[in-house]
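Engineer: Construct the complete structure from the given sequences, taking the supplied hints into account.
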Amino acid sequence: MKKRHAVVGVLAVLSVITFLDRMAIAVTGPAIQKELSITPDQWGWVLGAYVIAYAVFEVPSGALGDRHGYRRELTRITVWWSFFTAITAVCRNFWQLAGARFMFGLGAAGAYPNITGVLYRWLPARERARGQGTIWAASRFGGALAPLLLVPLEAVFGWRAVFVALGIVGLVWAIGWRFWYHERPADQPGITPEEVAEIGDDGAGGHSGTPWRKLFALPQLWLIAIAYFFYAFGAWFFFNWFPVWMVQGAGFSIAEMGLYGSIPFLLGVVGNIIGGVLCDRLAERMGIRRAYSLIAFFCLTITAALLVAMSQIDNRIAIVLLAGAAFGVMDLMLPAAWAMCMAIGGKFGGTASGIMNTAGNFGGFICTVVIGYVLAATGNYDLPLQGVAAMVFIAAVLFLLIDCTKGLDEKIVPLVAPAAA
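To convert, take the position in the sequence shown, counting from 1, and add 82; that gives the numbering used here.
To be clear, the hints were calculated from the coordinates, so they are not data collected in a lab. Just so it is clear, CB atoms sit at the ideal spot from N, CA and C, and this is done for glycine as well. Possibly wrong hints are sitting among the right ones.
Per label pair, the in silico range of CB-to-CB distance [said to hold, decoys possible]:
{"hint": "1", "residue 1": "Arg154", "residue 2": "Ala472", "range": "35 to 43 Å"}
{"hint": "2", "residue 1": "Arg260", "residue 2": "Glu280", "range": "23 to 31 Å"}
{"hint": "3", "residue 1": "Pro234", "residue 2": "Gly258", "range": "20 to 28 Å"}
{"hint": "4", "residue 1": "Gly91", "residue 2": "Pro234", "range": "20 to 28 Å"}
{"hint": "5", "residue 1": "Pro293", "residue 2": "Thr121", "range": "41 to 49 Å"}
{"hint": "6", "residue 1": "Ala88", "residue 2": "Thr121", "range": "43 to 51 Å"}
{"hint": "7", "residue 1": "Trp262", "residue 2": "Asn462", "range": "44 to 52 Å"}
{"hint": "8", "residue 1": "Trp262", "residue 2": "Pro293", "range": "26 to 34 Å"}
{"hint": "9", "residue 1": "Met368", "residue 2": "Gly258", "range": "14 to 22 Å"}
{"hint": "10", "residue 1": "Gly461", "residue 2": "Met368", "range": "32 to 40 Å"}
Structural biologist: Spelled out as C-alpha cells, the structure:
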C-alpha cells in the first residue's frame with residue numbers, strides 16, 4: 083500500500099470515530115430525554131450547543147493546523163473532544179448536558195478542516211476528490227454504525243456507558259496519530275522517492291501565516307459558504323433529529339430505529355464513494371468548474387424532491403427507503419463541495435474549508451434549534467421535512483453558480499482540469 087493511501091485510511095478511521103461520537107447523542111436521545119426530563123425545545127438546545135461551538139471554533143482550528151501542522155492539531159482536538167465525550171456520562175441535568183456538548187463541539191470543530199489540509203498536502207490534485215469521498219464515506223459509515231453498535235450497548239450497560247466507551251476509542255486514535263504521522267511526505271518512514279514525486283510539492287512547505295484578507299476577498303469562497311449553509315441545514319436534520327423523528331414522529335420502536343436508522347448512512351457511504359470517483363472522472367472530461375457544480379446541483383435537487391415525498395406518506399417501509407435515497411443522493415455531492423473548497427483555498431484549504439463548514443454549522447444550529455421549537459409548538463413532524471427540502475433546493479441553485487477555478491491558488495486548476503490519468 084502506498085503511504086498516501088495509508089494516511090487516507092487512518093484519517094478515515096478518525097472520520098468514523100467523529101461521527102460515532104456525534105451521533106451518540108441522537109441515538110441515545112430518547113433515553114436521555116426521559117431520564118433527565120428534557121423537553122423537545124430544551125433538547126433542541128442540547129443538540130444546538132454542540133453545533134454552535136463547532137461553528138465558532140472551526141475556522142480557528144483550521145488556521146492552527148495550516149500554521150502549526152496537522153499532526154499537532156489533530157492530536158490536540160481529538161484528545162479534547164474525546165475527553166468531553168466521556169464527560170457526557172456524568173451529566174445530571176439539562177445545563178450540564180448542554181455544557182458538555184458545547185465543550186465537545188469546541189474540539190470536534192477542527193476535524194474536517196485539518197483532514198482537508200492533510201489531503202491537500204498528501205494527495206496529488208487528481209486524487210483529491212476521491213480522497214474527500216473516502217473521508218466522507220467513512221463518516222457516513224460511522225453514522226450507520228452508531229445505531230447498530232450503540233443501541234445494543236445502551237440496552238446492556240445504559241446510555242452513560244456509551245459515551246465513556248467512545249471517549250476511550252478517540253484517545254487511542256490520538257496517541258497513534260501523534261507518533262505515526264509526519265507532516266512532509268518525504269519524512270514518512272517507508273515512503274519511496276517515486277511516491278514523493280507523484281504527490282508533488284504543493285503542500286510540502288509550511289506557512290508563515292494565513293492570508294485572511296485574500297481569503298475573505300474571494301467571492302467564490304463567500305458563495306460556497308452560503309451554499310453550504312443551506313445544504314447543512316438539511317444534513318443536520320439527519321444527524322440530530324432523524325432518530326428522534328423516527329421514534330416520535332413515524333412510530334418506529336427503539337429497536338427498529340437502531341436497525342433502520344442506519345440505512346441512510348449506509349447509502350451515504352455508497353454516495354460518497356461514487357461521488358468521489360465521479361467528480362474526478364468528470365473533472366478530467368469537462369474541467370472542475372462544470373463537473374463539481376453540476377453534480378452538486380442535480381444531487382441536491384433530487385434530494386429536495388425525495389424529502390417532500392417523504393413528508394407525504396405514512397408507510398414506514400417507504401419512509402425508510404425515501405430517507406435512505408435522499409441522504410445517499412445528498413451525500414453523492416459532498417466530495418464535489420469539499421473539492422471545490424480545496425480548489426478555492428489552495429494551500430490554505432484547511433482554513434477555507436473551515437470557513438465553508440462554519441457557515442454550514444450555523445445552518446445546522448438553526449435547523450437543530452428551530453425544529454425543536456416547531457415540534458414543541460405544533461407537534462407536526464411533516465413541517466420540518468418540508469422546510470429542509472426548501473433549504474436544500476436553495477443550496478442546489480447556489481452551487482450551480484460557483485466557479486471554483488477562481489480561487490487563491492490558481493495553479494491547482496490545470497492539475498485537475500485536463501484529461502490526465
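Engineer: Determine whether the Cβ-Cβ distance between Pro293 and Thr121 falls within the hinted range of 41 to 49 Å.
Structural biologist: 46 Å, holds
Engineer: Okay, Met368 versus Gly258 on CB: inside 14 to 22 Å?
Structural biologist: Violated, since Met368 and Gly258 (Cβ atoms, about 40 Å apart) do not stay within the stated range.
Engineer: Hint says 26 to 34 Å; check whether the CB-CB distance for Trp262 and Pro293 agrees.
Structural biologist: Given a distance of about 31 Å, which is inside 26 to 34 Å, the answer is holds.
Engineer: Confirm or reject the claim that Arg260 and Glu280 have a C-beta distance inside 23 to 31 Å.
Structural biologist: 26 Å, holds
Engineer: For the pair Trp262 and Asn462, does the Cβ-Cβ distance stay inside 44 to 52 Å?
Structural biologist: 50 Å, holds
Engineer: Look at the Cβ atoms of Pro234 and Gly258 and judge whether their distance stays inside 20 to 28 Å.
Structural biologist: With Cβ atoms ~26 Å apart, the hint holds.
Engineer: Does the hinted range 35 to 43 Å hold for Arg154 and Ala472 at CB?
Structural biologist: 42 Å, holds
Engineer: Evaluate the given range 32 to 40 Å for the C-beta pair formed by Gly461 and Met368.
Structural biologist: 48 Å, violated
Engineer: Cβ-Cβ distance between Gly91 and Pro234: within 20 to 28 Å?
Structural biologist: Between Gly91 and Pro234, where Cβ atoms are some 27 Å apart, the hint holds.
Engineer: Regarding Ala88 and Thr121, is the given constraint of 43 to 51 Å on their beta-carbon distance met?
Structural biologist: Holds: the Cβ-Cβ distance is about 47 Å, inside 43 to 51 Å.
The structure fails hints 9 and 10 (numbered hints given earlier, in ascending order).
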